[in-house]
Amino acid sequence: MTGSLNLRVDLLFRGSDLVDGTTVLANIYPVEGSADAHRGVLIPAGDDVPTKRFDVNAGRYIVEAVLPSGKILTDEATVGEGEDVTVALDATDSPHESHSWQYFSGNIEPRATYDSAETIPVPRSMSSRYFDLAAGDALAAPAPGDPAAGPLPTPDMVWIPDSRTEGWSFEKLNELAGQMPEADLARIEAAVSEGPMVRIADPTETDLTSHLFRFDHSGPIAPPGSPSAAGAATGARQFVVAASAGDAYLVTLPNPWTNVLDGSEVQIELLVNSRQSPTGSPVAVTVRDRALGSGLAYLATGAFAAAARVFRDVEGMLYGKVMNPLAAAAGAYVLVGTETDTTPKPWHDWLDNLASWFGWMSDGAVLWATHALRGEGDRRDDAKNALIDAYGRGVPFFTVGLSWLVEGLSEFPEDEQCSHMLDEVRRLAWRIDTRQPFVVLRLNGRTA
Amino acid sequence: MTRFVVHEAPVDGPSTHALIVGVGKYPNLIGGDTPCNNPDGMRQLSSPPISARALATWFVGDYHDDDKPLASLALLVSEKDPQPFTNPQTEEAHELEDPNADNIEAAIKEFKARADADAGARLLFYFCGHGISQGEDYALLTSDFCSDEDNPLQGAIDFRKLTGGFKKCAASEQVFLVDACRSNSDVLIGESEGFAGRVPLLPGSRPTELPKRLSATYFATLAGDKAYSRRDEVSLFTEALLRSLRGAASDNPEEDDWRVNTVRLQEAISHFMKEPIFAGEVAGVQVPVANELAEFPLHQLTSEPEVPVYVGCDPDIDSNELAEFVCLVGADEKGRRKLADVDPANPKSEWALSLSHGDYLFRAEFAGGQARESNVINVRPIHKRIGLKVP
Chain A
1 MTGSLNLRVD
11 LLFRGSDLVD
21 GTTVLANIYP
31 VEGSADAHRG
41 VLIPAGDDVP
51 TKRFDVNAGR
61 YIVEAVLPSG
71 KILTDEATVG
81 EGEDVTVALD
91 ATDSPHESHS
101 WQYFSGNIEP
111 RATYDSAETI
121 PVPRSMSSRY
131 FDLAAGDALA
141 APAPGDPAAG
151 PLPTPDMVWI
161 PDSRTEGWSF
171 EKLNELAGQM
181 PEADLARIEA
191 AVSEGPMVRI
201 ADPTETDLTS
211 HLFRFDHSGP
221 IAPPGSPSAA
231 GAATGARQFV
241 VAASAGDAYL
251 VTLPNPWTNV
261 LDGSEVQIEL
271 LVNSRQSPTG
281 SPVAVTVRDR
291 ALGSGLAYLA
301 TGAFAAAARV
311 FRDVEGMLYG
321 KVMNPLAAAA
331 GAYVLVGTET
341 DTTPKPWHDW
351 LDNLASWFGW
361 MSDGAVLWAT
371 HALRGEGDRR
381 DDAKNALIDA
391 YGRGVPFFTV
401 GLSWLVEGLS
411 EFPEDEQCSH
421 MLDEVRRLAW
431 RIDTRQPFVV
441 LRLNGRTA
Chain B
1 MTRFVVHEAP
11 VDGPSTHALI
21 VGVGKYPNLI
31 GGDTPCNNPD
41 GMRQLSSPPI
51 SARALATWFV
61 GDYHDDDKPL
71 ASLALLVSEK
81 DPQPFTNPQT
91 EEAHELEDPN
101 ADNIEAAIKE
111 FKARADADAG
121 ARLLFYFCGH
131 GISQGEDYAL
141 LTSDFCSDED
151 NPLQGAIDFR
161 KLTGGFKKCA
171 ASEQVFLVDA
181 CRSNSDVLIG
191 ESEGFAGRVP
201 LLPGSRPTEL
211 PKRLSATYFA
221 TLAGDKAYSR
231 RDEVSLFTEA
241 LLRSLRGAAS
251 DNPEEDDWRV
261 NTVRLQEAIS
271 HFMKEPIFAG
281 EVAGVQVPVA
291 NELAEFPLHQ
301 LTSEPEVPVY
311 VGCDPDIDSN
321 ELAEFVCLVG
331 ADEKGRRKLA
341 DVDPANPKSE
351 WALSLSHGDY
361 LFRAEFAGGQ
371 ARESNVINVR
381 PIHKRIGLKV
391 P
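If you read the protein sequences in the order shown, they are chains A and B.
Letter 347 of the first sequence, counting from 1, is numbered 347 in the numbering used here, and no numbers are missing.
Letter 128 of the second sequence, counting from 1, is numbered 128 in the numbering used here, and no numbers are missing.
Be aware that a few hints might be false.
Under 7 Å between C-beta atoms, here's a sample of chain A residues computed to sit facing chain B [said to hold, decoys possible]:
| hint | residue |
| --- | --- |
| 1 | Val31 |
| 2 | Thr154 |
| 3 | Phe304 |
| 4 | Leu373 |
| 5 | Arg426 |
| 6 | Arg435 |
Derived CB-CB ranges, DEER-like [claimed, not checked]:
| hint | chain 1 | residue 1 | chain 2 | residue 2 | range |
| --- | --- | --- | --- | --- | --- |
| 7 | A | Thr340 | B | Lys334 | 39 to 47 Å |
| 8 | B | Pro84 | A | Thr154 | 57 to 65 Å |
| 9 | A | Thr86 | B | Arg43 | 49 to 57 Å |
| 10 | A | Val322 | B | Pro10 | 54 to 62 Å |
| 11 | B | Lys338 | A | Asn57 | 35 to 43 Å |
Hints were generated in silico from the structure; no laboratory data involved.
Where a beta carbon is used, it is the ideal one built from N, C-alpha and C, also for glycine.
Let the sequences and hints guide you as you build the complete structure.
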């Protein structure tokens, strides 16, 4: 090797938790020959983060990075004999530094689109991806960004620090939704919350159009100078309710979340976007996890191969200790989803652990069942039992888990119990935002 | 050859089978011969038959995989003025069957039977037309949608169950491409107890004696959203798909062997759909998504890939309308965007062109003889954006 390519992606991340940046999927293609290609590598992404070095022979190279948003950045570089060449790909077109993690995750548009006053096409019907903040005919209203529109109302936000086990059962949530044509916080509290819900007074950061609410293990993080709403006893499953006069979203909060590399706490970030974004969601949840955040974002877009590259990079840390069962479940989704053969793998044992150790998380049972149904040998009966178990544990944390539960139960049309469960799961699935990695349910409306 | 098949070729060993459906004429929707009482705002479509024909033509003429050659292609199309499909290999004209629910159901069963012949087979199902969805449920609307006003979705195929039904098909590689809206319809699915259309193949588990199934499902748009097209043209998603297959989605790990795989295909389609110069006002609005893409090769190119290239001034895009852009190979001019060719509706837009993989020079020429020229630039998939530095 006679030289090196030193790569990074520039992003405007803000916050001490992201000072080391994250990673994105990249490819290095030599213009001549194929020996020096590096496909599917991970490179650093962040604000002035150190580059990652790749030793290469002298020559011309195309460098390409694929962001979770689907944006593809490319550049060409020539490496001379003994030369170290740096390539910094530019992805700094987030609307604000504060929103750059959401931009990176594909939940918010580039600055030029975000700031545009042009009318945005929005879904024709009242889908799970539509947040009626004004509780009026928003389709006929001026577009956000249009001076005629004026400031949009801020939704009511409440945190459910601990929830009833039956509060996230499929039947209870379908029943709750069926009784709630419009947002009704008292009814949600009675059905889902183990104790009093905690109102979140202000977003952690906001530009008055899209609001960021951050959480750590103790609850919502208040904006600088404001008193914290934290202090409530937290349980295994936390939620946030985002409600306007018309709509109410029940948002899965994957809290607490730890970085599997060093055990540090990772903040959860919830975006409530008052601009009716065609690309993003009205309510989006991400974890500001520099190790796995990009993997979760790839997972949400269906880019399982890219997600698998991120998760495989830390596979040993994911399954070595019981540090973060939710991260382990996320990793298992991409590993099961990208498995192309049936040879035994070290992580297969972990599927048993995920299914049996964490009864509060139905994802483990869904994963075990799906793997059994897709794998070698006849494990249909065991898979069916795992699916029934998963249903009993309630709504999965991950949207893909809900999808796989539907898929799994569909394989037993002759079984009355499975058919009943499938009906309940599908009915609830009508309310989910399939764009989100974690389950977000629109509770009100006529879809029941 | 059955009544739906427009191309057949004997293949010894694993092969590829395709079923392509384009529904443009809906007699019971707005603008149709016998509109129903509640068409839910849905109208006639001009793009699906054009899109389906374009994809079928590409498949018969250009699809290539030494390991799984194309063995059969079935095509069903409804359109305002029915036309035969001319097979580009045989020049034979085929009258096309109407994609009503009965015909599609029969075509799917025949399609499965063909793909069942070899566990190494690849199947590809493509649908372009109206679609409505609710959560995991997705109804692909057949040409006779709403012919039964008491149960309009008798004229539909339940897509979720369809993919579940194909689990029992021997073909180990299964590709589904759906170029249709996924707008919600609370009434049609939500209030029909979840009935989302006919079920040609009952879902079930994959028989244990079959190899693992690798599937890739591509949707033209996000759940809950619309898919767009231009009147009387190939739809945006299908155009992005075709351009991706022609090269934008290819890679050459073996140097001269350019191949398209399932993952790269999604990345390339997403690229096109984000480009204003390709997708116009719906760039970034219609977001194509995939479900859990298993990675496997789909197509081998038989010539150098065609790569989308965008040329503009950097950082001053205002200069785009003042520049003549030139593409050169050595001293030979390969293309020129003249000032007269500047789009008056969007004068600052870049010059978009499609080039074969290789080395090129680009130049911006201004009045008064000023010019800016790039270094030699290698153009390779997925795309190349050239920013000519203007002081």
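Hint-by-hint comparison with the structure:
1. Val31: Constraint on A/Val31 satisfied, holds at 4 Å.
2. Thr154: 24 Å, violated
3. Phe304: Holds, because the Cβ-Cβ distance from A/Phe304 to chain B comes to roughly 5 Å (cut-off 7 Å).
4. Leu373: 6 Å, holds
5. Arg426: OK, holds: A/Arg426 within 7 Å of chain B, min 6 Å.
6. Arg435: At about 6 Å, which falls below the 7 Å cut-off, the nearest Cβ of chain B leaves the hint on A/Arg435 intact, so it holds.
7. A/Thr340 / B/Lys334: 39 to 47 Å: 41 Å, holds
8. B/Pro84 / A/Thr154: 57 to 65 Å: This hint holds: roughly 59 Å between Cβ atoms.
9. A/Thr86 / B/Arg43: 49 to 57 Å: The hint (49 to 57 Å, Cβ to Cβ) holds, given that A/Thr86 and B/Arg43 are roughly 54 Å apart.
10. A/Val322 / B/Pro10: 54 to 62 Å: Holds: the Cβ-Cβ distance is about 57 Å, inside 54 to 62 Å.
11. B/Lys338 / A/Asn57: 35 to 43 Å: 41 Å, holds
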